[in-house]
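The listed protein sequences correspond, in order, to chains Z and G.
Under numbering that gives the first Met the number 0, the first residue of the first sequence carries the number 0, and numbering increases by one thereafter.
Under numbering that gives the first Met the number 0, the first residue of the second sequence carries the number 0, and numbering increases by one thereafter.
For the record, the hints were derived by calculation from the structure and aren't laboratory data.
Remember, it's a predicted structure, so these values are computed and weren't measured experimentally.
Treat the hints with caution; some may be incorrect.
Quick partial rundown of chain Z residues pointing at chain G, CB under 7 Å, derived from the structure [said to hold, decoys possible]:
#1 D139
#2 T141
#3 L143
#4 A155
#5 I156
#6 H232
Here a beta-carbon is modelled for each residue, glycine too, at the ideal position from N, C-alpha and C.
There are 2 protein chains.
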Amino acid sequence: MHVQIIGAAGMIGRKLVGAISRTGKLGERAVTALTLADAIKPDAPAGFSGDVSIKAVDIADPATAGQLLAGRPDVIVHLAAIVSGEAEQDFDKGYRINLDGTRYLFDAVRELSQADGYCPRLVFASSIAVFGAPFPDKIDDTFLPAPLTSYGTQKAIGELLLQDYSRRGFFDGLAIRLPTICIRPGLPNKAASGFFSGILREPLAGKQAVLPVPDTVRHWHASPRAAVGFLTHAATMDLGPVGHRRVLNMPGVSATVAEQIEALRNIAGDKAVALIRREPDPDIMRIVAGWPQDFAPERAIELGFRAETSFEEIIRIHIEDEMGGRL
Amino acid sequence: MHVQIIGAAGMIGRKLVGAISRTGKLGERAVTALTLADAIKPDAPAGFSGDVSIKAVDIADPATAGQLLAGRPDVIVHLAAIVSGEAEQDFDKGYRINLDGTRYLFDAVRELSQADGYCPRLVFASSIAVFGAPFPDKIDDTFLPAPLTSYGTQKAIGELLLQDYSRRGFFDGLAIRLPTICIRPGLPNKAASGFFSGILREPLAGKQAVLPVPDTVRHWHASPRAAVGFLTHAATMDLGPVGHRRVLNMPGVSATVAEQIEALRNIAGDKAVALIRREPDPDIMRIVAGWPQDFAPERAIELGFRAETSFEEIIRIHIEDEMGGRL
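Only chain Z is shown next, with the shape it has when bound in the complex (with noise of 0.2 Å):
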């Protein structure tokens, strides 16, 4: 099987890269192939034994698309995007990124498949950025996307399309919902949501970090583990029983901020706690307040996508994943 990874330079690319050339399989299936994209040239699959091409490539150049389906992919796991931050900051360029690129792609695959009945797997990574205040205690399968950010926008809007494509049968689509994304490996960014890892991995690590919210915020989680997960599943399940509703929320942990560094104090004590400063910032809590807190994600847990059941857990991956098993 030839799989295509578009975005495989971010942290969910690199981890979904390393988890195929680790096994040389993706789920249950042979990976004989591997093309990597992304705008800066991805590294190369350490220990990979296939066929691998990378590429630096523009994805809102409308060539880039047939270029990349040259080698006709199995799967293409659709992962580029301008963040939340920058496409708020930058209006054209994450129209350009996130829409345009994304059409392209869909486009690009239409045209093969009108030609001679090319039909990949195509899994879209979306986000619960597709989702606004107000909300439900619990945000259901049937509930409205209404975002309020460009890049939930352009996320409801890929979904969209590649809904009506996959029933055109033009691919066959399935966009999934991440939650955010915890913890995050690497350094502190400063993205919105960047405290929700902050808060545990640097104490973890004996570093100091800033909790700029009240610790009564509930949000929805699930480890870089747990995203790869979801992505193989997708990109290699029966899609038979999911019909045309080709967007699911995928599951995670809802818990408050201070479920969170409870959690924290179980796992690596007192000590890590302190280390973790309060310092109230107005801008981050009015972000924060949109976004959703908890969901009822029956139809993927149905559909056999699993996430982590406490906080505890997703420490623990961490610890194991990034810290070689050790604090």
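Given the coordinates of chain Z, work out where chain G should sit on it, guided by the hints.
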């Protein structure tokens, strides 16, 4: 006030122009200039005493929208679309007109907005075609759009763009999801929904009509007069209370075909009902099975939108507006 109507040659467009021409007003506001555009040249607005500009345009041409906006209309009513059946048959044309054309319009407004703060009211005629089965008994204001046609997909994308552009302050937008318009005047057409009007309009005129579905089929209707009222209210109301969710399900009458027929009997007698010939059509039955049946359009009603409250009222309006008040 300068009002621009794009799609002015269609049935609803002509009725809206007629209402403005008769009164010199849109709602309570005096109209001093009208710009009418469509793919075919709209008729001159008989009796309108203000400035008039009439244009045949191709909205899928990226240059069109900028030219249309040269006169800086205060209100833009965007009705132009390839209808459902044609958008399903001609994929490219549907996306070109219904998606690209809408985006070109929105972006042309945005350019002027960013240049000098231009911020017109923009009313977008969306449709209950954004919804796809399965449904709850009544579709409420938070039910997800899950279109089962390319037309519905294109309308749902237009709604998302309108909300993002409105949130950004590029224009002051409102999208209204029109019920199936009944009784459509004119000749029978081949739209799958055509029979809903046909089984009333034709017998009222002493002609036979074909009913291709069982009389248990339930659907959501409003008159052409109600549609003009929706557009007028959307174009002139205070949008302050609407917030960021700038898409509203319009009110209407939920009725079974049997209830439609009883209303016809009450107004025009058994003789009229006898002109309906039952000829089940499996294709039409299958299409109609995916359509919404009933709504709870609470937000729209709170915001002052009004439709008919019975099918008899819908029939009487047809007799008044299309038959000179006489059977």
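Structure-based check of each hint:
1. D139: Nearest chain G Cβ about 10 Å off; hint violated.
2. T141: It holds, given that the least Cβ distance between Z:T141 and chain G is near 5 Å, below 7 Å.
3. L143: holds, 5 Å
4. A155: holds, 5 Å
5. I156: holds, 5 Å
6. H232: violated, 22 Å
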